[in-house]
Amino acid sequence: MYTLQPNLKLGRDVWDHVNMPAEEFAGRIERLTAAMRRRKLDALLLYGNLVNDYGNPAYVSNYLLRMSRGAVVILTHSAEATLIFEGIPRGIHMAEQVCAVGDIRAGRNMAAESVKVLQEKKLLPGKIGLVGVRHLMPHDQARQFYADLGADNVVHADDLVRKQRSVKSRREQDQIRRASRIVANAFKVLLEQPVAVMTPKAIEARLIREARMDGAEDIRVAVGIPGMGNWSLAPAEPIALTDGAAVIVLMAVENERYWSETLRTLVVRGNHLEVAPIADLEPLWQQFGKALRPGRKTGEIHQEMVAAMAGLKWVAEYGLGEGVGLGPYEEPTLAAGGAVALKEGMCLSIRLIVEDATLGAVAVGDTVLIGKGGAEPLRG
Amino acid sequence: MTGKEAAFERFKGMLEREKLDGLLVYSRGTTNILRPNYFRYITGVRPVGPHNAFLMSRSGKTAVLIQPEWDAARVARQGRVQEVRGTADFTRDVARLPAQLGIKGPLGVVGGNEMTLDLYDGIARKHRIANLDEGFEEIALQRTEEDRAIARRSCEIAEIGFQALLHACRVGAREIELVAETEYAMLKEGADECFILMSSGKRNRAMHPPSDRRLADGDVVILELTPVYQGHFSQLCRTIQLGRPDPVLAEKMDMLKRAFEAGLSEVRAGAPVAGMCKAINKVVSDAGYGEWCYPPHIRTRGHGFGVGSIKPGGVLDEQNRENFRAGQVLVVHPNQFVSEVGYLACGETVLVTETGCERLTDREGKSGLFAVEV
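For the record, the sequence lines run as chains A and B.
Throughout the first sequence, residue numbering follows our numbering, covering 1 to 380 in sequence.
Throughout the second sequence, residue numbering follows our numbering, covering 381 to 754 in sequence.
With the rest of the complex left out, here is chain B (with noise of 0.2 Å):
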């Protein structure tokens, strides 16, 4: 039995559990760093259009409704689902499916908060629905080694990408050349797309879309790369000098680095997310930054990744109450504004074991301030 079979298995277990007749998991076609992908995770395909559908019987009968009606050809291709049926009506066809399918008691959805009013009501008029969120993460959060090695294609991709942007990064480079060169070196590697943010200067405010701003020497930049691999996000905040090093630069980073290896050091199976949060924020409350730790400067000091489940959260910060588990992947980044030298990143995937932690990306632990001469 593969992992989604197993993980198929596990669902209809669900809803024997819940006394739920169907699964629907909807999708609005959309990909946020911050939520899971729940429609990707138990179909395989990346939704395109405005409205996607999963049903699954408790008898296991599975099919797929989509708009536009043209992308029922590709989702059949991927051969997960029994039945493919596209169509250009999604909120009447929708609330038809499950009776199609000998659905016809209570229906637990999952995705549905992204559906509107009358896609919703549609479906509650039939049927009784019930939020299955929670229990899909916690399915999906069981991590087969075919799901590491994406985490880890992932994390490859971004290095790959990086290499790249250090290779563009050069006085009279625009911003935007440096994301264009990234994103087409981490796309020809096979990467669904990227999500980058950056900034460059001499004392960075925060990180914000690429402009057209020229790089000059002295320059700091600053970088959150993120490419999505088979529907997973991997994570590297870095800081870089242009040019002369700068001294009070290299030791606010050299502090962030502690600070980061302080949180790397809290992350195990069992161990609390807020420990970690704390550990960071005691090394550079310790500096002297302890004011510029906390909302509205800075917001969290990691996010989870995965397709199906991005536990223990899209947002890791001392009020998080989850606790790390075996299989978890995870960007720890203790990003921070530090008032002489402006806002520096500094972050890194790592995968969650039972004693500790693998470094995803950075896989030596080198990682730091990275100097680029003029």
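Next up, chain A with everything else stripped away, as it sits in the complex (with noise of 0.2 Å):
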């Protein structure tokens, strides 16, 4: 789900040579220009920005965007790869160490320095593949970057990536189960302890401290209060939660670059918060999970489950759910009309929100793994 974007990814930077081994890196880049040659394509260069969307350039190099800047990872067909982040040469070394690209470069301007590697060799004029350019790079970089390459040959190549991102590898399975393990302890320690100041910031501030001893890169928290008229979830404030009061907490994780996303219902019991009881929300949960089974569009997903809800007050702007991964809202989204057949190996976070007549409205969500069967909630 969108959520608050930090001004820096606050925790470690690591590769994890075990979790995500180099050949894992190679495979990918070996697909991507496998595909390319299909595609006649001279290069293909994979952009990203901010601290939501570095998946792309992630995806190659396991290059991490920790600041709102971009980074560009350059493929040709001999499988170089060169990666260029927004920064100073002295940030080279500490890329250095989390790459599996060799070939790393710092400059300002992601579009006239990609021309400039491509230039050198010898790739211009060419057939170049942009993937996240449209939808990320700004306006006056991609402007000249379709100018220095010559709008005819420029190929939008983002669906061979968003494919390739969308099913994920076993290594990445066991990523983002270990984001899941990292929310779950999180709550779990949040409702073992007292909160001396029962506020959603205090809530915030309990559920990031223990993520982050635990490793995470990156942690989100949105906190909703149902009682209160026109609720939405928000960043955490410091206001007064009284006993009683129902809070829906949406945390979301990243760890070596993966994420995993729940959203739990709560209630304030004095200084503790317990679960909420959300038992009509159970067999709508059971009857999500096993329609997102293999081969069913994302639409025909998403009209079961409205009609599911039909006796129920559905909070529908937060929609059911999108996939995850290398980024905290990826493809396919559950949406009306979807035409995306989920596959094996797709990671979701899903997600069910429904007005309550005691509560204001209860919520429970999970990030989970397409298997055979269907959905296997990531609970840690």
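If you're looking for bench data, these hints aren't it; they were derived computationally from the structure.
Wrong hints could be hidden among the right ones.
[Claimed, not checked] Selected chain A positions facing chain B (Cβ under 7 Å, derived; list incomplete):
no. : residue
1   : N7
2   : A142
3   : R212
4   : P238
Predicted model only: the values in this text are computed from it and were never measured.
Every residue gets a Cβ at the ideal spot worked out from N, C-alpha and C, and that includes glycine.
Build the complex: two chains, separate frames, hints provided.
Dropping the structure here:
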């Protein structure tokens, strides 16, 4: 889900070669270069920026954008990869510690620096596939890019990477499991320990502390108070929560580049929090899990779940869920009319939020792995 | 009239002067220590989603358009703008919004350099666009007493965070634990979020994200500790010695403290920013480290802070052409690589006044090398 973007990813920046060995990246680059050949592309540029959309360059390099900057990886037929990040050369040494790419450069303008690399490799003029440029790159850089490459030579190739990224390898699934474990542990501690001053801000602080201790790179928390009129999930505020009040807590954690998200409804009991009873949602939740089977289209699943909630007041604006992985919000989206067929190995963050006469609203959400028989919740 | 109402009036005046029909303030939903947060300044709202726009017509009609749709309820609760809309198709709807507010002519755009091509061109097809970033910052620079109170509170939170870090600083503690405890303390005090860089070791090369490294007897811990409170950054840069004091380290920290004080003596309304940087670099150069005073080793001697304006700039160096103005908030940091002891951190946040500056962190001016006994 969309959540507040931090000014800096505050956690560790590590590359664990056991969890994600170099051959994983080599395999991805090999598959992408094969796809490039099929489309007769001379090079493929994978661009990403800011703290949410680092996934394209990270997918082939493991490079993490820690601030609101940009990065690009250029792939050629010979499977050579060059990483350029927005920053100063002093950062190259640190990037080398966590990157699967050997050729690392720093610069200010990602478009201009990319053109330099393409010229150096004698790939201009040539057919250049662009990933992420149209939807993410600032307009002045993108405009210069198209002019320098020649509009006729540019091929938008977002679909190549999107397809690969949407189905997770076994190692990627394990990374998402690890992120899920951090979320689960943070909630466990939150429920076990008293909160001295019961506010959404205190809840956020506790969850973030626990996840940070467990090694999370980036942590997002949003809190909703459904008893409050016109409520919504929002950044945590220091407002007092009264005894018996319900709080809907969304927590998303990024660990070693991979995200997991959980949504829980809690109730204030003195200086403790308890999990709210959500018996009405349980059968729906079970149905939702079973509906997420390989081969089913996202639109069909959406239709089935909307029909199943006919007797309830569904809080529709939060949707039913979307893909998760090298970003907190990926394709596919479980939306009306969606034509993407689910595949084994996809990971989704799914949720149900319905109005409730007693608590205002109740919500449940988990990150799930699509397997042969349906969705497996990754709850640590 | 509140400070923000007065700012709105000044924005309307700017539109009149520039002969523009409307003002559009855009945000990708990010916060950056080196850039102003225009959207937050004008709406009072922390942007959550990937696209956020504030629009004001010359007659004073205001609207916000945001993605995701569900965030509209929160923005509406803030009550500063007349109309709040959520959208699932921001690129389409932001191009339509000006006409819906009666804006037909040229549009002043702030934060437009963050827009993607489709977004920018979608607006440009209907309106001539004028970049108003600079004009916006000029208005946002006029700080109210409320703005100053926010800056002061941000600095108090930084000091609370530093005390938590000192408490966590012990042999065997991991760097990440220090950061977790520091962040926890600052969040509990109301910080929106935190920016922390650090390093530990016998001889640090640079600050970096925290690692799993465990502190050892004799380590030097350096850090940049930067909470954000209501959109306002503040920073302190400090050096801690763990265990037996090292006289060479103490001597070098004393040199940096002198550089800091020399820099501070050049901070007052009307004085050039470059003068402050030259004063710092002179002390460091006279001590024999001039080679490491400039890029690629050292890039800046401080940063300006604020919500809608970070003037005198994100990078304060000898090339900066700005003069200080009363009310500006900045960190002055002669952080420096010193060959004998490694990279050291020394810096505090101050408020520029007509005659000098007010220390907002380390208010007593006693900061130097911090020692933690083993």
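Against the structure, the hints come out as follows:
For N7(A), the interface hint holds, since its Cβ comes within 7 Å of a Cβ in chain B; the closest pair sits about 4 Å apart. A least Cβ separation of about 4 Å between A142(A) and chain B falls short of the 7 Å threshold, and the interface hint therefore holds. For R212(A), the suggested interface contact is upheld, since its CB lies about 4 Å from the closest CB of chain B, less than 7 Å. With a least beta-carbon distance of about 6 Å to chain B, the hint placing P238(A) at the interface is held under the 7 Å criterion.
In summary, the structure agrees with every hint in the numbered list given earlier.
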